[in-house]
Amino acid sequence: MSPAIETHELCRSFAGVAAVDGLTLDARPGEVLALLGPNGAGKTTTVRLLDGVLRPDRGWSRVLGADPAVDGDAVRRRTGVLTEAAGLDDRLSGVENLVLPARVRGIDEATATRRAHELLGRLGVAALAERAVRGASTGERKRIALARALLHEPEVLFLDEPTSGLDPVAARDVVELLATLAGEHGRTVVLCTHHLAEAGRLAHRVAVLDRGRLLAFGRPADLAAELWPGVEADLDLGGAAAPATLAALRSVRGVLDVALTVDGARVRVEGRDVLPAVVAALVAVEVPVYGAVTRAPSLEDVYFALHSQAVPAVPPPAAGVPRAPSSPAEPRT
Amino acid sequence: MTGRAPAVDRAAVRALLRRDLVAVRRSKAVVIPMLIVPVLLLVVLPLLIGLGARGAPAPDLTRFLDSLPGDLAAPIAGLPSHEQLVVLVLGYLLAPLFLIVPLMVSSVLAADAFAGEKERRTMETLLHLPVRDRDLFLAKLLGAFLPAVAISWLGFLAFAVVANTVAWPVLGRIFVPTPMWLVMILWVGPAVAALGLGVMVRVSARARTTQEANQLGGAVVLPLIFLAVGQSSGLLLVTLPVALGVGAGLWAIAVLLLGRGARRFTRDRLAASV
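First to last, the protein sequences are chains A and B.
Position 237 of the first sequence, counting from 1, maps to 237 under the working numbering, and the rest follow consecutively.
Position 58 of the second sequence, counting from 1, maps to 58 under the working numbering, and the rest follow consecutively.
None of these hints come from the bench; they were simulated from the model.
Positions of the beta carbon are idealized from the N, C-alpha and C atoms, including for glycine.
Certain hints may be false.
Partial list, derived from the structure: chain B residues whose beta carbon lies under 10 Å from chain A [claimed, not checked]:
| # | residue |
| --- | --- |
| 1 | Asp9 |
| 2 | Arg18 |
| 3 | Pro80 |
| 4 | Glu124 |
| 5 | Arg173 |
This is chain A alone, in the form it adopts within the complex (with noise of 0.2 Å):
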């Protein structure tokens, strides 16, 4: 199956400075991709290059088999896009703001006075439907963009910061709610978030961008199996570990790496099977193991260890990600 998104070594700079730096990466149909940076790492330019409302200097990119540079309102037409400020007009209502747009996309006016109430009420903001946006939340304008952006009901759904400017509640509805339209109609959706908990709660894999350039590209747990190799455990002794079970955790064949908890330890092993030799072995010296839990690195841990590496960049996904910390849990830069 083609991808429905695909750039290969996408270059944008503003005057002189670069903004998407060699960005190659895809997304398949259906699939939920998060562009993961801070700001200014190319998130929202790399969507205006997808869209074809930009030009890259270098590079090219496909969207739903057409190129944005060459073919802008083909790659429009079957695109919405959720831009980080909502876009409203403040002088019309929740209806004339998506009606209009959906006007110059050749949508009649009955279809698409139709659909926008539809959306309104499903996206909860029904009341403002009729009247003039002004005074609207925050919350409540980025549903309404959201509307417009799903009324055309296009193929590919951009949504750059969906809940910037949101108060954790608002935030946290707006993430439900994306979490049930971003699946629908085998819609492929390209996330622009550095919230790491939106990202992982809604995409399938995510593309860590610093400064332009991509860090890393994959499903989350296959970064963090490249940055940190084998399992990691939890082992819950009653207490901080004394050196000698320390010492004698690290004698056991098959332990990568061992750690200090407040409760006991933390061993990173080769693979599960390792974990009752390490329990032995802590028996073996009289050592009370009360639990042993495998924890798997959050998304969290893959984009701060990405992070803390100072390196300028990594080769295409094909090649992976570059080389590790010790630990998911090392602390944060």
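Assemble the complex: chain A is given as a structure, and chain B must be docked to it using the hints.
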């Protein structure tokens, strides 16, 4: 078979135009000045001047008319002395003041349409629509130009009613529109609207807010006001051929400015600035 894309995507332009007009209609900050100035210039002012001129004893305008260049004074000099003041003021001296209306309306709307989109952070939404740059530009131009011309013409209709009504007791006939008024309405006025538009398109490319655009654009409006004041004091009365020539010159400058504006109005440039 693949058809060539039409030169203008009329449906998209119409939809964008409608969006801008609906939004502007809701904006008091835009609508009120757009209505107040025409009402003052084209209704209140001629009413007061007309009533004053009607009530005053017929002044001797011979010296004033003799000072006018060429055959400019001929249509007025041939009138009975009690008609001369009313016809001079309402039929000739106020005509250039009328130019402020299309200039102001097109400038205000253009600032709202271009700089206003940046200020409201709605420009990016437009850039993500499937509409060509030139169609977007055209819709924005029409959104300012058509209302400017429409308001000017409606204002002129109101002026004609007021002027003819006020002057009726003196003249006993309809005298507006004069040939000079027709040239102003149909030729010079739209040219001035286009000129204001051309200037504001350039200004708005640099301005980040409507207010900033209006302030920068004020540099264009002020000379026109001076021109109008000069005209009303009799210093700059022009003949019809000169008015036609001035109109042609304004059109040429406007087309030049708008052409340059169109070349610079690209998604890439706009996206880089928002």
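Would you settle whether the hint for Pro80 (chain B) is holds or violated, based on the nearest Cβ-Cβ distance to chain A being less than 10 Å?
Result: violated, 53 Å to nearest chain A Cβ.
Grab the minimum C-beta distance from Glu124 (chain B) to chain A and call the hint holds if it beats 10 Å, violated otherwise.
Since the shortest Cβ distance to chain A is 5 Å, the answer is holds.
Does the interface hint hold: is Asp9 (chain B) within less than 10 Å of chain A, judged Cβ to Cβ?
holds, 9 Å
When the nearest CB of chain A is found for Arg173 (chain B), is that gap smaller than 10 Å?
violated, 46 Å
Chain A contact restraint on Arg18 (chain B) - CB to CB distance below 10 Å
holds, 7 Å
Of the numbered hints stated above, those contradicted by the structure are hints 3 and 5, listed in ascending order.
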